[in-house]
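Produce the complete structure using the sequences and hints provided.
2 protein chains.
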Amino acid sequence: MTAEQMLVKTALNTWKITNAKADKLFSALTDADLQAEIAPGKNRLIYLWGHLIAVHDRMLPLLGLGERRHPELDTPFLLEAENRALPSPSAADLKKWWDEVNGALLTAFEHLTPEEWLEPHTAVSAEDFEKNPLRNRFSVLLSRATHVDYHIGQAALVNRRN
Amino acid sequence: MTAEQMLVKTALNTWKITNAKADKLFSALTDADLQAEIAPGKNRLIYLWGHLIAVHDRMLPLLGLGERRHPELDTPFLLEAENRALPSPSAADLKKWWDEVNGALLTAFEHLTPEEWLEPHTAVSAEDFEKNPLRNRFSVLLSRATHVDYHIGQAALVNRRN
Numbered sequence: 001m002t003a004e005q006m007l008v009k010t011a012l013n014t015w016k017i018t019n020a021k022a023d024k025l026f027s028a029l030t031d032a033d034l035q036a037e038i039a040p041g042k043n044r045l046i047y048l049w050g051h052l053i054a055v056h057d058r059m060l061p062l063l064g065l066g067e068r069r070h071p072e073l074d075t076p077f078l079l080e081a082e083n084r085a086l087p088s089p090s091a092a093d094l095k096k097w098w099d100e101v102n103g104a105l106l107t108a109f110e111h112l113t114p115e116e117w118l119e120p121h122t123a124v125s126a127e128d129f130e131k132n133p134l135r136n137r138f139s140v141l142l143s144r145a146t147h148v149d150y151h152i153g154q155a156a157l158v159n160r161r162n
Numbered sequence: 001m002t003a004e005q006m007l008v009k010t011a012l013n014t015w016k017i018t019n020a021k022a023d024k025l026f027s028a029l030t031d032a033d034l035q036a037e038i039a040p041g042k043n044r045l046i047y048l049w050g051h052l053i054a055v056h057d058r059m060l061p062l063l064g065l066g067e068r069r070h071p072e073l074d075t076p077f078l079l080e081a082e083n084r085a086l087p088s089p090s091a092a093d094l095k096k097w098w099d100e101v102n103g104a105l106l107t108a109f110e111h112l113t114p115e116e117w118l119e120p121h122t123a124v125s126a127e128d129f130e131k132n133p134l135r136n137r138f139s140v141l142l143s144r145a146t147h148v149d150y151h152i153g154q155a156a157l158v159n160r161r162n
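Order-wise, the sequence lines are chains A and X. In case it helps, this note's numbering puts the first sequence at residues 1 to 162. In case it helps, this note's numbering puts the second sequence at residues 1 to 162.
It cannot be assumed that every hint is accurate.
Chain copies aren't distinguished; within one or between two, either way the pair holds.
[As the list claims (entries may be wrong)] Derived BS3-like pairs: lysine-lysine, alpha-carbon spacing no greater than 25 Å straight-line:
id : residue 1 : residue 2
1  : 131       : 21
2  : 16        : 96
3  : 21        : 95
4  : 21        : 42
5  : 131       : 42
6  : 16        : 42
7  : 131       : 16
8  : 42        : 24
9  : 95        : 24
10 : 9         : 131
11 : 16        : 95
12 : 131       : 95
13 : 24        : 96
No lab work stands behind these hints, which were simulated from the structure alone.
If you want it as structure tokens, here you go:
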């Protein structure tokens with residue numbers, strides 16, 4: 001394995017570990033658990049989970065890896081602040097979507113070469129990429145990995161039943 | 001620039017961006033602000049900041065990049081749960097230590113080659129590294145970047161004065 005392949009493999013491992021932590025945390029929750037707020041007056045756990053799914057779903061077109069699976073999650077979980085008047089998806093549905101989206105990403109990730117990781121993502125123009133070649137697929141992978149941990153840190157504040 | 005150099009440069013950029021976010025958040029806080037809890041009964045902001053400094057300080061020996069600058073932060077901010085009976089360092093001291101530790105890391109990071117990023121960190125044995133070559137310096141960099149965002153997510157819950 002070359003150094004560039006090993007660097008990518010290490011980064012994919014960080015992606016997997018971080019998402020496995022989120023999976024362990026959210027997948028253990030019941031519909032009732034998901035209604036808990038992370039802090040008084042702050043987002044509920046269900047919003048964080050739906051938000052992570054929506055953000056990861058958007059990575060498919062952002063990285064040029066395929067069509068979105070669940071664009072319907074944008075309005076309730078990404079583009080607008082949490083609206084508790086909306087009906088909540090069930091824990092089972094969220095788990096299904098989470099696995100579907102993360103599975104599609106991981107399958108696509110495993111086929112990218114190091115050089116392809118360094119190509120521009122689809123939201124950057126050729127001109128802007130010329131100026132800043134750090135706006136590549138790899139940067140999206142890493143920033144989305146830290147983003148998962150951002151919300152795990154919040155979700156971890158909820159005292160759950162053991 | 002080779003692909004492997006570009007992958008490292010992209011990862012270092014993620015490290016810098018994440019730490020710049022933390023810097024912007026914490027450096028703006030007064031001594032009084034730092035006493036705020038992230039949620040009722042949870043850690044105070046001062047603990048999170050001291051904790052990040054201690055964790056980053058430990059990266060110096062963990063990555064074989066030098067001696068620790070502030071081992072005295074371990075007991076109050078890392079090894080034990082928050083103890084509010086202890087005297088608090090000032091915001092000015094925390095900012096000084098944060099800049100010192102992150103500066104030392106960044107200077108050292110900029111000198112590592114891609115191959116050196118793939119070398120084992122100092123907490124893994126030769127035998128274990130043989131079994132799992134992902135236990136390299138690069139994995140520590142990435143997992144510590146996500147760790148910063150974990151605590152930024154928590155700190156962001158505090159309603160600060162604008």
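We went through each hint and held it up to the structure:
1. With identical chains, the CA atoms of residue 131 and residue 21 are at most 25 Å apart between copies only, with a shortest distance of 23 Å across copies and 36 Å within one.
2. In this assembly of identical chains, the alpha carbons of residue 16 and residue 96 lie at most 25 Å apart only when taken from the same copy (17 Å versus 35 Å across copies).
3. Taking identical chains as interchangeable, the C-alpha atoms of residue 21 and residue 95 lie at most 25 Å apart only when both belong to the same chain, with a minimum of 14 Å there against 31 Å between chains.
4. Proximity of residue 21 to residue 42 under the C-alpha cut-off of 25 Å is found in both arrangements, the shortest distances being 22 Å within a copy and 21 Å between copies.
5. For a Cα distance limit of 25 Å, the shortest separation of residue 131 from residue 42 qualifies neither inside one copy, at 39 Å, nor across copies, at 44 Å.
6. Taking the shortest Cα distances, residue 16 and residue 42 never come within 25 Å of each other, neither inside one copy (27 Å) nor across copies (28 Å).
7. In this homomeric assembly, residue 131 and residue 16 come within 25 Å of each other (Cα to Cα) only across copies, at 19 Å, whereas the closest approach inside a single copy is 31 Å.
8. Taking CA atoms no more than 25 Å apart as the test, residue 42 paired with residue 24 passes in both settings, with 22 Å inside one copy and 22 Å between copies.
9. Taking identical chains as interchangeable, the C-alpha atoms of residue 95 and residue 24 lie at most 25 Å apart only when both belong to the same chain, with a minimum of 11 Å there against 35 Å between chains.
10. Within a single copy, residue 9 and residue 131 get their C-alpha atoms only as close as 27 Å, which misses the 25 Å cut-off; across copies the closest is 15 Å, which meets it.
11. Proximity of residue 16 and residue 95 under a CA criterion of 25 Å is satisfied intra-copy only: 16 Å inside one chain copy versus 33 Å between copies.
12. In this assembly of identical chains, the alpha carbons of residue 131 and residue 95 never lie at most 25 Å apart, being 40 Å within a copy and 33 Å across copies at closest.
13. Taking the closest pair of Cα atoms, residue 24 and residue 96 come within 25 Å of each other only inside a single copy of the chain (14 Å); across copies the shortest separation is 37 Å, beyond that limit.
The earlier numbered hints that this structure contradicts are 5, 6, 12.
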